[in-house]
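> Sequence order for the protein chains is Z and S.
My numbering runs 473 ahead of the 1-based position in the first sequence.
My numbering runs 3 ahead of the 1-based position in the second sequence.
The hints are simulated quantities; they were obtained by calculation from the structure and are not laboratory data.
Since the model is a prediction, treat every value here as computed from it, not as a measurement.
Among the hints, erroneous ones may be present.
So, partial list: chain S residues that the calculated Cβ filter (under 7 angstroms) puts toward chain Z [unchecked claim]: (1) Val-117; (2) Gly-118; (3) Asp-120; (4) Met-131; (5) Gly-133; (6) Arg-135; (7) Phe-154; (8) Gly-156.
Anything over 10 angstroms on all C-beta distances counts as not near chain S; from chain Z, calculated [claimed, not checked]: (9) Phe-557; (10) Ala-632; (11) Leu-743; (12) Phe-839.
Glycine included, C-beta positions come from ideal geometry on N, C-alpha and C.
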Amino acid sequence: MAKDTNKGLESQAEAAQEATPDSSREVVGRAPSGVGGLTGWYRGATQPIRDAFQDAGTRFDKLPQPYRYAVIAAVIAAFALVPFILHATLGIQAAYWLNVTDKIGIAALLALGLNVVVGYAGLLDLGYVAFFAVGAYSYALLTQAARYSVLIETQTAQATALAQKIKPVWHEYFWLYFFAALAIALLAGVLLGAPTLRLRGDYLAIVTLGFGEIIRDTANNLHTVVGGPRGVFNLPHPAIGSYDFGLQNEPYYWLLLGIIVTWIFLLMRLNRSRIGRAWAAIREDELAAAAMGVSTIRMKLWAFAIGASVASFGGVVYASKIIFISPDSFRLFGGDFASVIILAMVVLGGMGGIAGPIVGAALLVFLPERFRVVGDARFMLFGLALVVVMILRPQGLIPSRRRAAELKGGEVRETTVFEAREHGA
Amino acid sequence: MPLLVAEDVTKYFGGLRALAGVDISIEEGQIFSLIGPNGAGKTTLFNLITGIYFPTSGSIRFKGDDLTAPAPVPMFPLVKRPRRPFQITRMGIGRTFQNIRLFANLTALENVMVGIDAHNRAGVGRSMLGTRSQRREEQTTTRRAEELLDFVGIVRYANELAKNLAYGDQRRLEIARAMGTSPSLLMLDEPAAGMNPAEKADLMRLIQRIRDQGLTILLIEHDMKVVMGISDRIAVLDFGEKISEGEPLEVQRDPRVIEAYLGRTAAGGDGQGEPSASSSETEEA
């Protein structure tokens, strides 16, 4: 089989020539012609980098299985050592940059989750931060921190006394709340996904945007449950045995690293499986997917649900690290982890892969921090950088093979089964 | 018992009558062709059978089950609603599309695997964890997909993106993908469109080989050479009505068919006019 396919690659050129000239339709995608100016210079200058990456990729693929695992383990270990490296190199500044690294970790987790919805299933979601909020608020509610802060805010002697009684302190079983939040987010993903099933593209984006705002507005107005705009404070920091995570940055980093690595393994498997193929099929041509036996509704709901559960983990870690959450943390735009910024991470890094969203997250968190010296001008530079990158690399920095192919002259049909029913296939 | 029976199927799009009381009955193991001028309602009938449209009236029975009747929803057995296209596919009806609708940016192999997945069982949990049963299922799926690609003769392009295949190969890939869903009825919508004569001859052999595997085939085709060469039975649609049905030679001689294709004057002649005369015009449609 492998031999056959290698031959296939070689004979592809022949096949293209053999293709009947009377084919009524252009079959092979045409590369954009007339490359010049900035784009041309950029292509020439960066070709070696691309070659190097490709080279490394093929070499990695050729390694025998145990070596591949060894390489993966080495990469994970290298990431685990980052706090030590930062301490050794940055000295007094290390704590600051470690805080940034934690932010990158949360952003990477969110980008990975949104990538399931946008990159794998092709459903544009502009309200993704809602699931991040669901994770954080679930943790706040389950640990009783929400009730505690509401009681404190009432500022009566009785309420304060009662608050002191239920003041949330970390218990070992609080780890379970990570999974409880996951379950709640899974449900939220299905609930928010269900009404959007008939929609696609722009319309879907608008509805998801609405959902993001609904969640935030709900939190804003539930004064007696989650503190309204004042938010929830005094959330418990996690701990392992007697080791309290507290205000340190490192334990959260390792926790995030563990969560991210686990999700990467799960998501990669999922994307390679029947489920991933179904998502890709829906993205390419929903009607044809349905005609091939793909339960489009169920698969779309799964995409939303899995995306939501990844985000919920980010929400719980965020809430337990910052120990204060308010509706303002979960906005469409602005703030650390806004819906639009997460989407920008995914698109900039490259949809449909694993490395892409992570790199996108790292850059979009790191760069604004790095250029804090130039003050608010950095936001302008940030916008400019986004524009330049998207012109030079529309497929993102590290696109998946499939997604890169789509941008090179692939057509993606966007007709849902429902539309076909109404307007004809 | 016939495999598929459509009884008195009528479909209106608003005020437009696409199909009017069409009856067809397809026996197991047949190659049954639907022909008719453009706009006669052939593809509409396909879309009614596969559940993309609902008939305005009439019934379609497949292996004795009424496809148009509401069926229990999986997970909610008390709720009933009309079957969705994917459910009908899983019952054993595979199809191709008139205008190729492959998953362009998936490889040929992956395209076929999507079809085979229709009957695979591994869900999200098992796929995430990569359990042994899931891995075994993946292996058999890959192997079956390779077999199917080999069967239609494009296994050498297994790892090519579907959009990079030559036109004729894309048509073959669509057939392989539809066969992946393990259908007992395979519906081909103009599989020969845009093919050259040599490719058409190959396609005819392929369709016969598929039938020899025990599949029943419902074919829409404009190319009369293909239709007359391989069909066991032919139904002719015109303006949404079935105007003729029978074996290839009977249909060819039917004056109403000649009229539909060539107009009244030709039909008024000796009745020997060949419908294939018009095929060259409609082929590229």
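> Now look at each hint and say whether the structure bears it out.
Hint check results:
1. Val-117: holds (5 angstroms)
2. Gly-118: Holds: closest Cβ of chain Z sits about 5 angstroms from S:Gly-118, inside 7 angstroms.
3. Asp-120: At about 5 angstroms, which falls below the 7 angstroms cut-off, the nearest Cβ of chain Z leaves the hint on S:Asp-120 intact, so it holds.
4. Met-131: holds (4 angstroms)
5. Gly-133: Hint on S:Gly-133: holds, closest Cβ of chain Z at ~5 angstroms, below 7 angstroms.
6. Arg-135: violated (13 angstroms)
7. Phe-154: With a closest approach of 14 angstroms, the S:Phe-154 hint is violated.
8. Gly-156: Hint on S:Gly-156: violated, closest Cβ of chain Z at ~12 angstroms, above 7 angstroms.
9. Phe-557: holds (32 angstroms)
10. Ala-632: About 44 angstroms separates Z:Ala-632 from the closest Cβ of chain S, which puts it past 10 angstroms; holds.
11. Leu-743: Contrary to the label, Z:Leu-743 does not stay out of reach of chain S, its closest Cβ about 5 angstroms off (not over 10 angstroms).
12. Phe-839: Per Cβ check, Z:Phe-839 is outside 10 angstroms of chain S; nearest 30 angstroms; holds.
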